[in-house]
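Visitor: Residue numbers (the working numbering), protein chains in the order written: chain A, 1 to 342; chain B, 1001 to 1502.
What the hints contain is simulated information worked out from the structure, not anything from laboratory work. Just so we're clear, the structure is a prediction, and the values are computed from it rather than from any experiment. Treat the hints with care, as some may be off.
As the list claims (entries may be wrong) - Simulated coverage check for chain B against chain A, where a stretch passes if three residues somewhere in it have a Cβ under 8 Å from a Cβ of chain A:
| hint | stretch |
| --- | --- |
| 1 | 1314 to 1324 |
| 2 | 1328 to 1342 |
| 3 | 1356 to 1364 |
Quick reminder that beta carbons are idealized off the backbone N, C-alpha and C, glycines included.
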Amino acid sequence: MTLSQPTDFAHSEIASARWNNLLRFLVRDAGVALALVLIIVFFCLTAPYFATTENFLKIFVQIAINTVLASGMTFVILTAGIDLSVGSVLALCTVVGALIMTNKNLPTGISVPLALVGCMGTGAACGAINGWVCEQWKLPSFIVTLGMLNVASGAARVTSNNSTIAGLPQPFVDFGNMIVGGVLPSIFLIAVGVILIGWFVLRFTVFGRLIFAIGTNEEAVRLSGHSPRKYKIAAFTISGLTAGTAAIVYLLRLNIGSPIAGVGYELNAIAAVIIGGTSLFGGKGSIIGSLIGACILQVLSTGLQLFGIGDNFKPIVIGTVIVLAVVLDTYRNRFLSSIETR
Amino acid sequence: MDNAILELKAVSKRFPGVMALRGVSLEIQRGKAHVLLGENGAGKSTLINLLAGIYLADEGEIVFDDKPYHPRTPLDAYRVGIRVVHQELSMLSQLTVAENLLFENLPQRHGLVNYGEMNRRAAELLKEVGLDVAPNIPVGRLGVAQMQLVEIAKALCYDSKLLILDEPTATLTSKEVERLFEILKKLKSKGVTILYISHRLHEVYDIGDNVTVLRDGQVVATRPLAGLAIGEIVRMMVGRNIEELRLFREDVKVGDELLRVEGLKRNAHSPEVSFTAGRGEIVGVAGLVGSGRTETMRAVFGADPKIAGDIFVEGTAVEISSPRDAVQHGLSLLTEDRKGQGLLLTLPCAENITITDLAKVSRMGLLQRDVERRSASALVEELHIKTPSVYQLVGNFSGGNQQKVVIAKWLFRGSKIVICDEPTRGIDVGAKREIYDLLWQLAATGRGIIFVSSELPELIAICHRIIVFAKGKIVGVVPRAAFNQHRILSLAYEEYDLEPAD
Chain A
1 MTLSQPTDFA HSEIASARWN NLLRFLVRDA GVALALVLII VFFCLTAPYF
51 ATTENFLKIF VQIAINTVLA SGMTFVILTA GIDLSVGSVL ALCTVVGALI
101 MTNKNLPTGI SVPLALVGCM GTGAACGAIN GWVCEQWKLP SFIVTLGMLN
151 VASGAARVTS NNSTIAGLPQ PFVDFGNMIV GGVLPSIFLI AVGVILIGWF
201 VLRFTVFGRL IFAIGTNEEA VRLSGHSPRK YKIAAFTISG LTAGTAAIVY
251 LLRLNIGSPI AGVGYELNAI AAVIIGGTSL FGGKGSIIGS LIGACILQVL
301 STGLQLFGIG DNFKPIVIGT VIVLAVVLDT YRNRFLSSIE TR
Chain B
1001 MDNAILELKA VSKRFPGVMA LRGVSLEIQR GKAHVLLGEN GAGKSTLINL
1051 LAGIYLADEG EIVFDDKPYH PRTPLDAYRV GIRVVHQELS MLSQLTVAEN
1101 LLFENLPQRH GLVNYGEMNR RAAELLKEVG LDVAPNIPVG RLGVAQMQLV
1151 EIAKALCYDS KLLILDEPTA TLTSKEVERL FEILKKLKSK GVTILYISHR
1201 LHEVYDIGDN VTVLRDGQVV ATRPLAGLAI GEIVRMMVGR NIEELRLFRE
1251 DVKVGDELLR VEGLKRNAHS PEVSFTAGRG EIVGVAGLVG SGRTETMRAV
1301 FGADPKIAGD IFVEGTAVEI SSPRDAVQHG LSLLTEDRKG QGLLLTLPCA
1351 ENITITDLAK VSRMGLLQRD VERRSASALV EELHIKTPSV YQLVGNFSGG
1401 NQQKVVIAKW LFRGSKIVIC DEPTRGIDVG AKREIYDLLW QLAATGRGII
1451 FVSSELPELI AICHRIIVFA KGKIVGVVPR AAFNQHRILS LAYEEYDLEP
1501 AD
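Working from the sequences, and respecting the hints, build out all of it.
Guide: Structure representation (structure tokens):
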């Protein structure tokens, strides 16, 4: 009896550790996904037409741009920064891309690839400028990217002569309308690709590790012999690059380049990242979370619409959800730290 | 003892991994100046923070002015008449002197601030502490001594019963100290009780009536100051003779020079600093807080800028303009503030250890998690870091274990020169012993250790040499054969005490 006691104790220790691990997984990693599933089930049961292929197709299409933007935004927010410029950078990129594609002197085989490079290059350049200015003069990214929001928007108007550019090459338009296997729109697949790359970089590379570390304690990273500056500029460049990629998605979906595209997109992207559990203070979060956050926003929006809740009322619900998500997050952290220390 | 204004009965306070106060009982007499002494980490600041309503005692009872006193917020402390002038002054530097003085109770008229009345009352208070500044200038433009007087004036306007001063003279010149003491005496004559914390043993005789010495969170003794010899106070503060722990290892021999710093200047006003460290050597760095020890080490490491100076590693001149350069040349820095600058608290132990050399746990930019886990586990085992797994978040570790993680991360890097700034601050006696052993292990493997500490006994116990800093420069280098606490202390204090009254 006395001999078996320690073993029993060890067993119960292991059992409770397993239970803790399960709880931690459910609350920390699966919490947002669970919320998404519940919301989908709720609408499937209650909202008319929600559980139809067409509806999900529509959601997939609508979700693509925000998902791409949110994945780049995640990098920036993980370093405790913010990028307010992605919406208007997207607008500038659509203009650049559309201008290249509608250039009559270029054959489609050249103009389309050139436009893709132009979109991503313009976006990355804007992002790099954001990061460099922040680091060079030690400015808050809020201010710098607010500046870029206006600059990029102005640049989009100037280059487009303040007009919408239509008439994109037919193969490009066709690709945008393609639906793989009857349920997966091409632009949704692009978004999934971007998410997967972002997830891989954050989770499996030295670069990703340093992004998290910088967001956790930048000074400790610096004193460990790294140059946080380099990585922070890279994070903004990635955000710009995804804004450029989102511009391609925009062109594929709406077939126009527009200087007034993307108004307010930055706020949707930030909302998705935050709902996905990434901390505005940096160092904590995931890109899969951001994907789920974007899904929650879109599913809610679509579901409410199907309920017949008007466009005027919808923002009230969505705004509440954003704040609620962050409130829940603080409770979640408190709960997690209580099971870590027990 | 019916005349006690403040009485502590068996008060205890615990922090993760360390017992900051252990059954402290203490009485402070009404209208007297009571001095609180003790080494760093003895529990003085914790005690003050309990009284100020910043921490809550875990156990014990406090009676203030014949009523039970258990403050939960600083406001509770103000209400009963306890006012604390903290070591780090917390002024609203953008606001004016008058606004700071009367901040908790701004004179109002119809809901608006009555500026005339405010400035008039502020001027009165300033006159009382003998501070000749206009009430309407921003506090940020005052010097440290003046700000201190503003804090004291602030204490006056609330009719304080107990004024607590935490090392008020640390940054003052001797003339300013004299002035401060005059004011404190005047307050005392008005019946205000004073609790005074200082490191400067000589000056406490000028102001104090009684003294309490704290050590390792416990009260050693409370005595009247009159007739108490300074040697006796030192003995009470130091207590157990750390030298008897036999921490010094004769078998570790000092080899050839590993680091040489020549003519290092941090800024245009700072003096030049030069020193060396050898292979297998533990070089102590002593000096008061603010003597330039930490700042110099940070400049050597490239963490803060320097304007001049050469650094040689193994006899070769190296260019160090950032921590990155320093790390690449084999230097490491264990910062004074390990939570704020040393650790990634919300990340796992393994990630904290490998951050100094991610190339070792990656291939072509991709992390190799199994390699990382193995390397981290090996170090966790070697350093006896107590954790169920290398994936535990270091934020949940005790102070001693956290410090070991910081050492582990530099071991992982394989640094040749280890600069540690207060590595034993805020950790238990047992954990301290382990840290000393680790430092010796590092020295025995041919590394050079620079050991900055405010605890002189520990420096005397383990160092080969002690460099003494004061006022930003090196005022002496004492070899082990000549170690003597009084000599080093007087070197460290000399510069301040002998300063001419300008």
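Visitor: Sort out which numbered hints this structure fails and list those numbers smallest first.
Guide: none
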